Structures are given as structure tokens and as C-alpha cells.
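K.L.:
Residues per chain, in single letters:
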Amino acid sequence: MNSYTAGAVPAGDIPDNVPIDRVFDVDCFNLAGIEEGYQEACKRLQAPGMPNMIWTPRNGGHWIVTRGKLVRDVLNSPDRFSSQVIVLPKEAGEKYDLLPTRLDPPQHGGHRAVINKTLNPREMRRIESSVRQIAIDLIEPLVAKGRCDFSLDFAQQFPIRVFMKMVDLPMTDAPLLKHYATQILRPDGANSAEMAISVENAVQGFYAYLEPVINERRGNDGTDMVSIVINSEIDGAPISQADALSLIANLLLAGLDTVVSFLSFMMLFLGRNPEHLKQLADNPASIPQSVEELLRRFPIVSDARMVTDDFEYDGVMLKRGDMVQVPTALAGLDEEMNEDPWKVIFNRKKLEHSTFGGGPHRCAGLHLARMEITITLQEWLARIPSFRVTKDANPIFSSGMVAMVENVPLEWDVA
Amino acid sequence: MIKLHIVTTDGDDLYAEADESQSVMEILRDKNIEEIRALCGGQLSCATCHVYVDPAYADRLPPMLAEEDDLLDSSDHRTPESRLSCQIFCVDALDGIKVTVAPSD
Ligand code: HEM
Ligand code: FES
Chain D
-15 MNSYTAGAVP AGDIPDNVPI DRVFDVDCFN LAGIEEGYQE ACKRLQAPGM
35 PNMIWTPRNG GHWIVTRGKL VRDVLNSPDR FSSQVIVLPK EAGEKYDLLP
85 TRLDPPQHGG HRAVINKTLN PREMRRIESS VRQIAIDLIE PLVAKGRCDF
135 SLDFAQQFPI RVFMKMVDLP MTDAPLLKHY ATQILRPDGA NSAEMAISVE
185 NAVQGFYAYL EPVINERRGN DGTDMVSIVI NSEIDGAPIS QADALSLIAN
235 LLLAGLDTVV SFLSFMMLFL GRNPEHLKQL ADNPASIPQS VEELLRRFPI
285 VSDARMVTDD FEYDGVMLKR GDMVQVPTAL AGLDEEMNED PWKVIFNRKK
335 LEHSTFGGGP HRCAGLHLAR MEITITLQEW LARIPSFRVT KDANPIFSSG
385 MVAMVENVPL EWDVA
Chain E
27 MIKLHIVTTD GDDLYAEADE SQSVMEILRD KNIEEIRALC GGQLSCATCH
77 VYVDPAYADR LPPMLAEEDD LLDSSDHRTP ESRLSCQIFC VDALDGIKVT
127 VAPSD
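Read top to bottom, the protein sequences are chains D and E. Under the numbering used here, the residue at position 377 of the first sequence is numbered 361, and the numbers go up by one with no gaps. Each number in the numbering used here comes from the position in the second sequence (counting from 1) with 26 added on.
I should point out that these hints are in silico values taken from the structure, not numbers from a laboratory. Note that this is a predicted model, so its numbers are computed, not measured. Accuracy of the hints is not assured; some may be wrong.
When the alpha-carbon atoms are kept at most 30 Å apart in a straight line, the in silico DSS-like pairs for lysine-lysine are as follows [as the list claims (entries may be wrong)]:
no.: 1; chain 1: D; residue 1: Lys334; chain 2: E; residue 2: Lys124
no.: 2; chain 1: E; residue 1: Lys57; chain 2: D; residue 2: Lys333
no.: 3; chain 1: E; residue 1: Lys57; chain 2: D; residue 2: Lys262
no.: 4; chain 1: D; residue 1: Lys334; chain 2: E; residue 2: Lys57
no.: 5; chain 1: D; residue 1: Lys333; chain 2: E; residue 2: Lys29
no.: 6; chain 1: D; residue 1: Lys327; chain 2: E; residue 2: Lys57
no.: 7; chain 1: D; residue 1: Lys333; chain 2: E; residue 2: Lys124
Rough simulated footprint, nothing fancy, chain D against chain E, three-plus residues with beta-carbon under 8 Å [unchecked claim]:
no.: 8; segment: 75 to 85
no.: 9; segment: 98 to 112
All C-beta atoms in this analysis are idealised placements derived from N, C-alpha and C, irrespective of residue type, glycine included.
Extracted from the complex, chain D is given alone in its bound form (with noise of 0.2 Å):
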């Protein structure tokens, strides 16, 4: 089966400002189709046919947007789509409290403000030689072997190292710091009550880990993360401990996941076709300008947004506190926002995107992320200009926040 129909579902979980017709059995956390690959299965809630605005009963229940340009329009409207909640299903999603993403404006403002001082173009421009070195000593062991698990040998290790550089901490805390996120991210145990008990350790730990750092570091004049963080001021006023371990928390958490999971699916999509692959090997000036185009057509982030009131949307009446599931795949691959989506065009005059969100929160580390796939493809192409997926290899993706694609194993030929 290849699409999704309207009302297949028991009718009993529907609530009675749901019609029918916009009744689809979706599970974010499963999608239908998710073994063809990630933005695959999210393409068919794009099916011709489908409503620009659908509600699944599975996860708590939620509408899911399914249009590019509702995607941007839901982002863009702070006011009637609230961070409040931005997890499903909405239970798990109202524990989640890190900043400034549960902020909306006007509150949101004074805490963005202060990791932008962190992630501004200025700032990648002070760290590109340290990042690009973590990137070298992570390529160079593996250029003999002729081949990897590119997800473990590298994607896995490469975020976590830069952050400990921004940081300014030491890498062999990194496992520490790694194994923490993790715990938060993608808590162990066997139940929800379990997974809290993994979550609420995991944050107990980070905190504990990072107190003597801040303590030592407020009011220094300290040019790392930290530093920058904890000596700012929001609103007037000196941050408060809690905010900057929430602050940090928070750039620790949003640039892991995140950048594992697109170099994964750029080093599949790169090592299945040879063309693009030398298109970039051959002309590693093209480098930067390629990465957006890449950007557009592996998008991975899919949360939500809580309506603040009741309100007539796309024809349907959303109520206060009900979710709205954005999957950022759904623009940058709407043929309304980009023609040939599904092509990857290095060279294409236009291209228009989510895949860093949009509005207030649009990815505050997009300057970083960008950075770390540049750095990753001119690097790994000066040492190992030609890759492939091994024969035997079996992706496996799965959908979620942020979708995965694990084992990408790669080879190469060794001089």
C-alpha cells in the first residue's frame, strides 16, 4: 500500500472538532513506508489528494500539516502556534522545558539573543580552523582502511568534539558529555516511567558536570560558550544559573542528533551515486554553494506546535491545546516550493527550504551546522575523493523528532 486513506480508523478516538475526511492513521514515530527511506515515507502525506491538514488519533492525537507553505505559515505564526509544547506525544512534550525553545515571543527574544553571541557567521569564523582540524584527525585514521561505518567512525564523533572545542573543555570528557545526551535524547528503559528516571539522570548529571565550570567562569572575559552565556545579561538583568544551564543543556542537545543524522543521509546519498559524487570531488570550490542544496533535500527535524486558541485553519477548527506536528521534509520536497524535488541540482538558481525551521526559532546553530557538512565533504573528499556504499549494506531510518538513518557503512579503494 502506497498511500494513506481518509477515516481508516475506529471512530471512537475522534474528537468532534475532527472531520473525517481529515482522519489519517499516521504514527510520527513509525511512519508507513519509513524502510524505503525517511523523506520517502514523509512524502506520503504529500500524496496527491491528501489535505493540507490531517489528523492522526495515534501519539495523543494531533493535526500534521502537510504543505510547504503551511509548514512555513505554521512556524511564521508564533501567536497562534505556540513552542509551549513542541514534543509529542503532548504528555512527554510538556516535561520538555528547554530554552529558548519553549519560549514564544516576546519572551523568546532576550534568551536568543544570547546564543546567537554564540552562533553568529563571526563566531564560525574564529573556530573554522579548530573545527576543520577535529575534522582531519577524525578522516585521517580511516583513509587506509578503505572502509568505515560512517555513522560510528565519524558523524557520531565529529558534533560532540566541536562542541567540547566551543566549550573550551576537554575532549576526553566527551563520552561523558555524549553518553549524557544520549540518556536525554533517546533515554534507556523499558516503560515511560523508566525513560524519565534515564532522562531525569541524564540532566542531574550534565548540571552537576557544568556548575563548578560556570562558577569558575562567571565574570571572566572568557570568549567560549560558557563564558559568553553565563556573563550575559537578558532583559537588563545577569542571567540566572538556571537559564544558562538550560541555555547550554539545550546547545548541547540541538547540535547532535541533528548533525549525525543529515551527514548520515548526505554520505548514503553521496556513496549510491557516483555523479554527484564527483561533481563534488572534482570541484571542491563548489563545496559551500552545494551544501543547501543538500540541506533542501534531506530534511530530518519533524516537531510541533501547540494552538493558543480556538481558531478556523485551512477550513478545519483547531481548539486551544491542540498539537500540530511540522515536518520540515514537507517543504523543501513540495513541488509548489522547488521543481524536481526529489533531484538533487547543485547549481539551482532558486531553492527554498525549512529544513532549519522558520520564524523565531529557525535553527539558531544553522551557521555551525553548515560549517560542519562543509567541513565534512571538502575534508573527506581531499582524502577519500571516491566512496561507495558497500554491496551488502542495509540502512535502517526511523522517523521521530529528528529521523536517523543508522548503518551506512562505507568502502573505498586504497592506493
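Put chain E with the ligands on the given structure of chain D with help from the hints.
P.N.:
Same frame as chain D, now just chain E with the ligands:
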């Protein structure tokens, strides 16, 4: 169609014609001006399309969004005449506009 006068970082004068479906960034990119890398393709998220606009045209430009202001702040070459060229579309009111390419950061 309007006429554009482009001044490169070397001080060379270039001329172009464009219509309102095109941004100044696209015109500069088509002229292969090295500094205009336009990495984000015009989505107001990279600041690699920086130009100085002749003050004579200042009051005919679209207002600057907060995002543009922020991005320009992270350039080492910002002046009061700075704009991101992907935000300026070649509408009739801008006929004859003179833009000077800013140095790369
Ligand atoms: C390819 C990699 C990345 C992708 C696709 C991505 C995507 C996104 C998206 C879609 C959002 C918006 C979420 C929402 O509106 O609810 C976001 C927010 C955010 N991202 Fe990224 N991101 C990436 C890498 C990074 C990196 C490297 C960092 C660095 C620390 C980062 C930091 C953040 C932060 C702090 C926010 C919250 C911004 C706010 O709420 O104002 N991201 N990201
Ligand atoms: S092209 Fe990226 S900001 Fe103008």
C-alpha cells in the same frame, strides 16, 4: 526592467538589467562576482551577499528585517549603507540603483 550599476571591490563598473522577479543577489551571482557567494541561495540566512547601496536609493529600499540586521552585525565590513542583496528585488522604483560589492568576511 530596470538598470543596475554595480561597482566591484576592485572598483570596476559593471552594468546589468533585471526585472522585479530577480533579486540583486541573483544578478551579482550571474556576473560571477567572487565575493557574492550567496551560500544560502537567498533565504536570508548566510550574509554572503553583502553590498553597499548608494544612499540616494536608501528610502526606496524595502525595510530591513531583524534577521538581516543581525546577520549584517556579524560582518566585519558593515556600514550604514550595508544591505543583503538577496533582500532587494529589482522593482521599478530602483531603476538606476548603484550597489557596491562589500569585501568578503
Ligand atoms: C543539520 C543540522 C541541523 C538541523 C537540520 C537543525 C534543525 C533545527 C530546527 C528545524 C530547529 C527549529 C525547532 C523549532 O522550531 O521548534 C532548530 C532549532 C535549534 N537549533 Fe538546530 N539544527 C541543526 C543543527 C544545529 C546545531 C549544530 C546547533 C548548535 C548548537 C543547533 C542549535 C539549535 C538551537 C539552539 C535551536 C533552538 C532555537 C530556538 O528555539 O530559538 N542546531 N534546529
Ligand atoms: S544569499 Fe544568504 S543571506 Fe542573502
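K.L.:
Confirm or reject each hint.
P.N.:
Against the structure, the hints come out as follows:
no.	hint	in the structure
1	D:Lys334 / E:Lys124	24 Å, holds
2	E:Lys57 / D:Lys333	13 Å, holds
3	E:Lys57 / D:Lys262	26 Å, holds
4	D:Lys334 / E:Lys57	16 Å, holds
5	D:Lys333 / E:Lys29	21 Å, holds
6	D:Lys327 / E:Lys57	26 Å, holds
7	D:Lys333 / E:Lys124	23 Å, holds
8	75 to 85	violated (count 0)
9	98 to 112	holds (count 4)
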